[in-house]
Amino acid sequence: MAPLLCEKDAQKRAAGWHRLYSADNGMMTPSEETTPADETCLKAARAAIDVNNVAFRKFGFAGTPWVLSDTGWHLPTGILQETGTLNLFLKTTDSESGHE
1 MAPLLCEKDA QKRAAGWHRL YSADNGMMTP SEETTPADET CLKAARAAID
51 VNNVAFRKFG FAGTPWVLSD TGWHLPTGIL QETGTLNLFL KTTDSESGHE
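Throughout the sequence shown, residue numbering follows my numbering, covering 1 to 100 in sequence.
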């Protein structure tokens, strides 16, 4: 995942995220070329992943995806499927306006 975080080309990065969660992830394709990422970037990316993993365990998340509002509230994934429910949640928990 660290090389993906260091990919500078936005299209390659987006394709990489898609590939990461594809059923055939890890299978090499003949036309695929990889360019080694900058070691400084890889070191920073690995550190960011480590911090994320520590926070994940510390907060006791049961799995992914977990969505947190900017005020720290956990949003159940079901709430994201219905716009009206999400807007009501935001109006109830967030003092900022604009949740129409």
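It is worth saying that the hints were derived from the structure and are not from the lab. Check before you lean on any hint, since a few could be wrong.
[Claimed, not checked] Derived BS3-like pairs (lysine-lysine); straight-line CA-CA distance at most 25 Å:
| no. | residue 1 | residue 2 |
| --- | --- | --- |
| 1 | Lys58 | Lys12 |
| 2 | Lys43 | Lys8 |
| 3 | Lys43 | Lys58 |
CA of Lys43 to CA of Lys58, is that 25 Å or under?
The given pair, whose Cα atoms are some 23 Å apart, holds under the 25 Å limit.
Given the hint that Lys43 pairs with Lys8, test it: the Cα-Cα distance must not exceed 25 Å.
Holds, at roughly 15 Å.
Checklist entry - Regarding the pair Lys58 and Lys12, is the alpha-carbon distance no greater than 25 Å? => result Violated. Lys58 to Lys12 sits at ~32 Å, over the 25 Å cutoff.
In summary, the structure is inconsistent with hint 1 from the numbered list given earlier, while agreeing with all the others.
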